[in-house]
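Use these hints to put chain B onto chain A, whose structure you have.
Taken in sequence, the protein lines are chains A and B. Using this note's numbering, the letters of the first sequence correspond one by one to residues 1 to 492. Using this note's numbering, the letters of the second sequence correspond one by one to residues 1 to 239.
Treat the hints as calculated values from the structure; they're not laboratory data. Where a beta carbon is used, it is the ideal one built from N, C-alpha and C, also for glycine. Among the hints, a few may not be true.
[Stated by the list, open to error] Cβ-to-Cβ under 8 Å is the rule here; a few derived chain B residues that face chain A:
1) Arg-84
2) Ala-119
3) Pro-201
4) Thr-203
Take a look at the letters that make up each chain.
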Amino acid sequence: MALSLPAIMKTTAARLSALYLLLFALCAVLLVFYMTSLSARMLTAQTQETINDEVLGLAQAYQRGGLPVLVRVVENRSRQPGANLYLIADANGQILTGNVQSLEPGVIETEGWTTQPFSYQRFGEGELDRLRSGATDQPAPQGGDNSTPRSTGEKGHNAIALVLRLPNQMIMLVGRDLGEPERFRAVISRALTLALGMMGLGGLLIWFFVGRAALKRIDSVSDASRRIMGGDLGGRLPVTGAGDEFDRLSENLNAMLARIAMLNEGLKQVSDNIAHDLKTPLTRLRNRAEATLAGRHKTDDYRQALEGTIAESDQLIKTFNAILMISRLEAGYSSEQTGPVDLAATVSDVVELYEPVAEEAGVTLEATVPEAFTINGNRELIGQALSNIVDNAIKYSTDAAETPKVRVALERAGSEIKLTVTDNGHGIPDDADRARATERFVRLEKSRSQPGSGLGLSLAKAIMTFHNGRLDLLPANPGLSVVMCFPLRETH
Amino acid sequence: MTAPQTSNEIAYNGSMKILVMEDDREAADYLQKAFAEAGHTAHVAGDGETGFALADAGDYDVMVVDRLMPRRDGLSVIAALRSRGNTTPVLILSALGEVDDRVTGLRAGGDDYLTKPYAFSELLARVEVLNRRAGARESETVYRVGDLELDRLSHSVKRAGREITLQPREFRLLEYLMRHAGQVVTRTMLLENVWDYHFDPQTNVIDVHVSRLRGKIEKGFDKPILHTIRGAGYMLKGG
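Extracted from the complex, chain A is given alone in its bound form:
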């Protein structure tokens, strides 16, 4: 993927990489500076100690044999390889002996430790040409070279020293070259540069491999969601199986998509069913009106037609109400409307309500309610579900081989309260049909001739789901058992 720099910097991965890089570099610089200054201080202390030792030795030599011995010792020590700096000058600062050819002016004028490193030149190294050209070995040359002692420090050397005045007013300087700490500093600074460079490179690499990988995953997720938005509703986000955060994100989003797809499917099914099942009564309604309008009728015929129209419309309204009710229940509305419900009383109510209907249909309707169960729920809804089921049971038991009979039983079974409505009709022998019976608008072939919207059991099922329970359809041989299972501890 070709990205311009601003585009790259827009990505979270690049921004994070840059931020980390900056932070690390800052930390590294701070650390290195701290270490350097600490080491430099330690080295200086060490140098001063060495010088002190030297001075002590020289002082002893002076005490032993006066100036001649001191000068000899100094000359002796000066010649040793890697020697310290030694310088003895007269009271005017004229160098008498030692291994220092020249040094910054003013250094030997003040007694004690030099406050700052100073530049100097030894005998026998560098600047020989200048020697030859007649430059004096004055310690304070006035030429151009000493106006830039620090810049020529690369050619000369820097040192720190202890300046003493001997009892005869002569000046002695013992110093030590700072080459070592300076080399150390150079090493550190090289290391720092290298480290920073490496860090930059590392940051780029991290961004490239880690950041880009993350970026790619995010891109693939957003590509997939774009595809899904574009209409590929069956599409899912990629899951690599690595089990990382991206996978978890994708899995959750996929679960969400699946739920949405399910709801969408339900919606589609409902609208299909509405279109299909409501078309019939609407067409009938229209045809009846048209036929009435076309023919030559007496007033009574018109009245009859209109009454039929009203009855048909009422049925349609009922169907719509049932659809709305199911949708609302499935959307899961507020549980404000639940409270203690006496299931036994509800059973008695519904059985009493349907008793005359059953009797008229020649069906024996009996209820077994051994004890009272109070659950938390909605009395209206439970009553409606039960009456739908009893209604169905009465309708479908009329074709029973023996005396048609519907039994309603309320009992506790384990952790559930079961409200069972059993008829002894033909039942639904086919397992698949039984499973389908609670779907919306499903009216199994045999029941097509019976009146009803085909929503009774769907509504009962939605009501049971609302109560955290379930609706089971079981074969009763002969007949069908519809079981409303309520959890014993209702959570609503």
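Below, chain B without anything else, positioned relative to chain A:
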């Protein structure tokens, strides 16, 4: 079974002054016309504020209030009216009634509740029953319709002096019908008031109960007293 009756016979129950608070212009016009055909006078308010002002100023027998209205919703209008001492019976209309809508509606001071879509006959029957001038029978202990007599204290029913034995539920059914004698009572109203359930039964279970009751109070008597009103419900009417 009685002979079919004309729509005037169904609806006429003394003229009422009705206030309709409904923001849907078409629905409001339809209600106004339909109420007028039934012999009532209906005034329409298109929003909650207008409705409140009209209700507060006018003397209405019944108010029909839509829950969702611009400027002020129905429930708050009702609550405001109730807090001002207005006791006019209110029927609440709701577009997408949830199960607990009925309860919140009635709690806010409504007297009855109807969910859209509804049949006008249902609305009319409920409004007529709500009519405050007709609602005075609550305190009577003995209801009389024609030669039919129901004693609410002794739980006895007599017709033309002859004792009729009723089941407890049949008694409550007859009691409700007699309290609203001369008014149309729909099946859902019976289910609500006699059985205390508010759903549409799949089969017309109520019809069977009513025809049983009819058998008991009409069999052996020459005059029908419990009439079926097609497309609406039932009416107990003597004479």
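If you take the shortest Cβ to Cβ gap from Thr-203 (chain B) to chain A, is it below 8 Å?
Nearest chain A Cβ about 5 Å off; hint holds.
Going by Cβ atoms only, is Arg-84 (chain B) closer than 8 Å to chain A?
Where the cut-off is 8 Å and the nearest Cβ of chain A is about 28 Å from Arg-84 (chain B), the hint is violated.
Should the interface hint for Ala-119 (chain B) be scored as holding, given a Cβ-Cβ cut-off of 8 Å against chain A?
The hint holds - Ala-119 (chain B) has a Cβ within 8 Å of chain A, the shortest such distance being about 6 Å.
Grab the minimum C-beta distance from Pro-201 (chain B) to chain A and call the hint holds if it beats 8 Å, violated otherwise.
Nearest chain A Cβ about 6 Å off; hint holds.
Consistency with the previously given hints fails for number 1 only.
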